[in-house]
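J.: Here is how the chains run, residue by residue.
Number of protein chains: 2
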Amino acid sequence: MKVGVTKGTLLDVFYDQDTHFEIVELPDYDSDLISEIEAIVAGRMSNEQLEKASKLKDIFIPFTGKNGFDLEYVEKLGINIHVSQIHSRYVAERALALALALLGKITFYDKEMHEGRWGKRNFGDRVSWDSIFDKKIGIYGYGEIGKFIHKLVLPFTDKVYAYNRSRKEEVNYVDSLSELINKCDIIFVATPISESTKGSVSKELMMKMKNKYLINVGRGAVIDEDGLYESLKTSNLAGFGSDVWFNYPKKGSNESTPSKHPIEQFNVVMTPHCAGFSMNAAEERYLDTLYQINELAKKKR
Amino acid sequence: MKVGVTKGTLLDVFYDQDTHFEIVELPDYDSDLISEIEAIVAGRMSNEQLEKASKLKDIFIPFTGKNGFDLEYVEKLGINIHVSQIHSRYVAERALALALALLGKITFYDKEMHEGRWGKRNFGDRVSWDSIFDKKIGIYGYGEIGKFIHKLVLPFTDKVYAYNRSRKEEVNYVDSLSELINKCDIIFVATPISESTKGSVSKELMMKMKNKYLINVGRGAVIDEDGLYESLKTSNLAGFGSDVWFNYPKKGSNESTPSKHPIEQFNVVMTPHCAGFSMNAAEERYLDTLYQINELAKKKR
Numbered sequence: 000m001k002v003g004v005t006k007g008t009l010l011d012v013f014y015d016q017d018t019h020f021e022i023v024e025l026p027d028y029d030s031d032l033i034s035e036i037e038a039i040v041a042g043r044m045s046n047e048q049l050e051k052a053s054k055l056k057d058i059f060i061p062f063t064g065k066n067g068f069d070l071e072y073v074e075k076l077g078i079n080i081h082v083s084q085i086h087s088r089y090v091a092e093r094a095l096a097l098a099l100a101l102l103g104k105i106t107f108y109d110k111e112m113h114e115g116r117w118g119k120r121n122f123g124d125r126v127s128w129d130s131i132f133d134k135k136i137g138i139y140g141y142g143e144i145g146k147f148i149h150k151l152v153l154p155f156t157d158k159v160y161a162y163n164r165s166r167k168e169e170v171n172y173v174d175s176l177s178e179l180i181n182k183c184d185i186i187f188v189a190t191p192i193s194e195s196t197k198g199s200v201s202k203e204l205m206m207k208m209k210n211k212y213l214i215n216v217g218r219g220a221v222i223d224e225d226g227l228y229e230s231l232k233t234s235n236l237a238g239f240g241s242d243v244w245f246n247y248p249k250k251g252s253n254e255s256t257p258s259k260h261p262i263e264q265f266n267v268v269m270t271p272h273c274a275g276f277s278m279n280a281a282e283e284r285y286l287d288t289l290y291q292i293n294e295l296a297k298k299k300r
Numbered sequence: 000m001k002v003g004v005t006k007g008t009l010l011d012v013f014y015d016q017d018t019h020f021e022i023v024e025l026p027d028y029d030s031d032l033i034s035e036i037e038a039i040v041a042g043r044m045s046n047e048q049l050e051k052a053s054k055l056k057d058i059f060i061p062f063t064g065k066n067g068f069d070l071e072y073v074e075k076l077g078i079n080i081h082v083s084q085i086h087s088r089y090v091a092e093r094a095l096a097l098a099l100a101l102l103g104k105i106t107f108y109d110k111e112m113h114e115g116r117w118g119k120r121n122f123g124d125r126v127s128w129d130s131i132f133d134k135k136i137g138i139y140g141y142g143e144i145g146k147f148i149h150k151l152v153l154p155f156t157d158k159v160y161a162y163n164r165s166r167k168e169e170v171n172y173v174d175s176l177s178e179l180i181n182k183c184d185i186i187f188v189a190t191p192i193s194e195s196t197k198g199s200v201s202k203e204l205m206m207k208m209k210n211k212y213l214i215n216v217g218r219g220a221v222i223d224e225d226g227l228y229e230s231l232k233t234s235n236l237a238g239f240g241s242d243v244w245f246n247y248p249k250k251g252s253n254e255s256t257p258s259k260h261p262i263e264q265f266n267v268v269m270t271p272h273c274a275g276f277s278m279n280a281a282e283e284r285y286l287d288t289l290y291q292i293n294e295l296a297k298k299k300r
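Taken in sequence, the protein lines are chains A and B. Quick note, the first sequence lines up with residues 0 to 300 if you use numbering that gives the first Met the number 0. Quick note, the second sequence lines up with residues 0 to 300 if you use numbering that gives the first Met the number 0.
Treat each hint with caution, since some may be false.
As the list makes no split between identical chains, a pair holds if one copy fits it or if it spans any two.
Simulated crosslink set (SDA-like; lysine to any residue; CA at most 20 Å straight-line) [to be verified]: (1) Lys146 to Ser175; (2) Lys250 to Ser127; (3) Lys259 to Ala220; (4) Lys110 to Ser258; (5) Lys207 to Gly77; (6) Lys6 to Ala237; (7) Lys119 to Arg43; (8) Lys150 to Glu71; (9) Lys6 to Asp174; (10) Lys110 to His260; (11) Lys250 to Arg116; (12) Lys197 to Glu282; (13) Lys1 to Glu229; (14) Lys259 to Glu21; (15) Lys110 to Asn266; (16) Lys65 to Glu194; (17) Lys135 to Glu283; (18) Lys209 to Asn79; (19) Lys6 to Lys75; (20) Lys119 to Lys182; (21) Lys167 to Asp11; (22) Lys110 to Glu263; (23) Lys1 to Asp287; (24) Lys158 to Asp57; (25) Lys249 to Lys297.
Honestly, the hints are just simulated from the structure, not real lab data.
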């Protein structure tokens, strides 16, 4: 089996292992070599690129999100998509880190101290922070990532609720996103993007989040962009922490605003969709992907 | 029993409750009223102030640290000191928040994004972060705070070690601080300051912390100040997160540098000794102190 791998991916991980397949190094997805491969390691490809890959039967995404592909078109071509769930725990770690930084005002205090100030610690109007202990936690999307978030918050609180389309795990499910938000103090968004989740954290819901916090590690567009700005601006939402965004920098660029609105002026903690960039995660994800390809290659022999 | 309470403390908490003692409101510790009281709620008093409090038998510190008093002198005067342990869990929460922010580069990424940059996410030299999962955790000082830190890191790793003078808890103890540092990737300092702990995290030890992280929620001076700067400057210590410091702003001021050395230019996350300033913690600590005073007052009737 010929497997296309771009140079950007961790080729060393693949060459270090015994593999049951042949690696075809692709300079990029526009390369003519793409017409020879039966499988590919890729996170994002255009329909034009897929069309050129006439022998392609299996795409291995080295992370969870499938939104780098036109799934209908992929299905029409009869191509299978495989994802790696292994970095779910790092996404959950990012979620907890964002929550602790947002409620704990870590970014605020750290900036103060880098400039020689102390958050008014000697004064009556000192800046205080909020704890996660005994808070009611809501998890929107109770898949691998949601389950890991649950594990990480358990030492802080046993009041954990989940809203999910299917109900196959042992957790307190609620019947609607609205109920989840009403009930809980901190809402973690850990659901993938789909027609039904897009914009589902609506302006109406966020305007009812007075003294409540919203953390997003799912996909940016699960949250209504205008509603987020409005709820932050009017302090109906107490704070927002996110690793996923509405806008991303174009290829080859490091600059862009994450939203069309200036949300950075409010109580927000922002990271650049880097949950998957932990030092260990990259290698682990490629090893997991490699394992999956090997299993498929063995079957096909 | 007459109990002196300064206006700065949460008097409302006391007046809201049934108390078995008389509250004497002190404008400050230099007030002449201090000669009448048998007990006091205070975190810091000079020997001169103590000397004037001729009837004082019990000091109730509404937090853990006793270092606001000259303990030898207090003992000589025959005064008992009571502390509140109740905010230990918030100190532990601060410790985990600092660790996740430091290893997870939350403050770095957040600053980048507030300025429209993305941590080079589109490039091969993207800034990656380090995870706490499966790390070896060392806890220096395994009292109430240390035990809580242990609980909070358990979902991330079961490799937790402790160094403590006494060994009365169920944890893997090591024989020396040096062994703890050799063995572990992240060292949490949660020990009080004393003659034996002062400067005990020495330059020699920190210079051996290549790729290791140090978090301090004990007291600033447990760490050798010159050694910290040297180990950060030479990258022998990978990063430092702290809520406790070498210098504090003078009363009535919000400004001072936390160290005589410019440590803020290195990989550090800094908060202004605010572990006790969580919104719930203040009230909880005073309620706990109140409870302790009440118990004593009942006994004395």
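J.: Indicate, hint by hint, whether the structure satisfies it.
T.: Now for the hints, and whether the structure bears them out:
1. Lys146 to Ser175: within (18 Å within a copy, 38 Å between copies)
2. Lys250 to Ser127: between (40 Å within a copy, 18 Å between copies)
3. Lys259 to Ala220: within (13 Å within a copy, 46 Å between copies)
4. Lys110 to Ser258: between (23 Å within a copy, 16 Å between copies)
5. Lys207 to Gly77: neither (44 Å within a copy, 56 Å between copies)
6. Lys6 to Ala237: neither (43 Å within a copy, 30 Å between copies)
7. Lys119 to Arg43: Between copies, since 18 Å is at most 20 Å while 48 Å is not.
8. Lys150 to Glu71: neither (34 Å within a copy, 46 Å between copies)
9. Lys6 to Asp174: neither (46 Å within a copy, 48 Å between copies)
10. Lys110 to His260: between (23 Å within a copy, 17 Å between copies)
11. Lys250 to Arg116: between (38 Å within a copy, 13 Å between copies)
12. Lys197 to Glu282: neither (31 Å within a copy, 41 Å between copies)
13. Lys1 to Glu229: neither (51 Å within a copy, 52 Å between copies)
14. Lys259 to Glu21: The answer is neither: 44 Å in one copy and 59 Å across copies each exceed 20 Å.
15. Lys110 to Asn266: both (14 Å within a copy, 13 Å between copies)
16. Lys65 to Glu194: within (13 Å within a copy, 58 Å between copies)
17. Lys135 to Glu283: between (32 Å within a copy, 19 Å between copies)
18. Lys209 to Asn79: For Lys209 and Asn79, neither the intra-copy (44 Å) nor the inter-copy (44 Å) Cα distance is at most 20 Å.
19. Lys6 to Lys75: neither (28 Å within a copy, 73 Å between copies)
20. Lys119 to Lys182: Neither: 33 Å inside a copy, 38 Å across copies.
21. Lys167 to Asp11: neither (38 Å within a copy, 48 Å between copies)
22. Lys110 to Glu263: both (14 Å within a copy, 10 Å between copies)
23. Lys1 to Asp287: Classified as within; 18 Å inside a copy, 68 Å across copies.
24. Lys158 to Asp57: neither (41 Å within a copy, 39 Å between copies)
25. Lys249 to Lys297: Intra 38 Å, inter 70 Å, cutoff 20 Å: neither.
In summary, the numbered hints that this structure violates are 5, 6, 8, 9, 12, 13, 14, 18, 19, 20, 21, 24 and 25.
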